[in-house]
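Visitor: Residue -2 is where the sequence shown starts when you use the numbering used here, and the numbers rise one by one after that.
The set of hints was computed from the structure by calculation and includes no laboratory data. You may find that some hints are simply not true.
As the list claims (entries may be wrong) - Distance windows between CB atoms, simulated:
{"hint": "1", "residue 1": "Leu62", "residue 2": "Val106", "range": "26 to 32 Å"}
{"hint": "2", "residue 1": "Leu48", "residue 2": "Trp93", "range": "19 to 25 Å"}
{"hint": "3", "residue 1": "Ile126", "residue 2": "Leu62", "range": "38 to 44 Å"}
{"hint": "4", "residue 1": "Val115", "residue 2": "Glu31", "range": "19 to 25 Å"}
{"hint": "5", "residue 1": "Leu48", "residue 2": "Met(-2)", "range": "38 to 44 Å"}
{"hint": "6", "residue 1": "Leu62", "residue 2": "Val107", "range": "38 to 44 Å"}
C-beta atoms are modelled at their ideal positions from N, C-alpha and C, and glycine is treated no differently.
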Amino acid sequence: MPTAEILATLAAGGFFLTGLLTGVWKYLQIHQSEQGEAHPYVNIAHRTALLYSFACLLLVHFTRLSQLDDTLELIAVAAQVVFFALAVLSYVLHGWLGDTDNQLRRPFVVSRWRLPGVLMGSFMTLLIIAEIGGFLVLFAGVILAL
């Protein structure tokens, strides 16, 4: 099995497990809340982890079909998986800290620290490039193979 396929498969399992565990966390917050609600970022972390697990299964399928160089496929998959993980980690962090209900609203905060706008803008730009670019590489590989 090529390394890109292994990485995508392991990531699918890791994200699914994260989704299940954050689901327990979400339930506990709902159970303990007078309003019957979890923190917005606990909800987001739960849903996103589950969605990314299935996105990674799509990556597995596309790496199987693609006829591109194994190293190129690995870079494409790794770029996507890394930014999927960073996104989920940021949601978990904000859910844990309870510091914001919108991490993209100014001022950008993590706990009591303010983040420079250029940092958030740069991160989002890199995320967009890695996720869309990584998928376009795999999709091109599939199109060439078909």
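Visitor: Determine for every hint whether it applies to the structure shown.
Guide: Hints and how they fare:
1. In this structure the hint that Leu62 and Val106 lie 26 to 32 Å apart at CB is violated, the actual value being about 42 Å.
2. The beta-carbon spacing between Leu48 and Trp93, approximately 20 Å, falls within the hinted interval of 19 to 25 Å.
3. Distance hint for Ile126 and Leu62: a CB-CB separation of about 23 Å, inconsistent with the stated range 38 to 44 Å.
4. Checked against the given bound of 19 to 25 Å, the beta carbons of Val115 and Glu31, roughly 39 Å apart, lie outside it.
5. For Leu48 paired with Met(-2), a C-beta distance near 24 Å fails the hint of 38 to 44 Å.
6. Separation of Leu62 from Val107 is about 39 Å and conforms to the stated range, judged on CB atoms against 38 to 44 Å.
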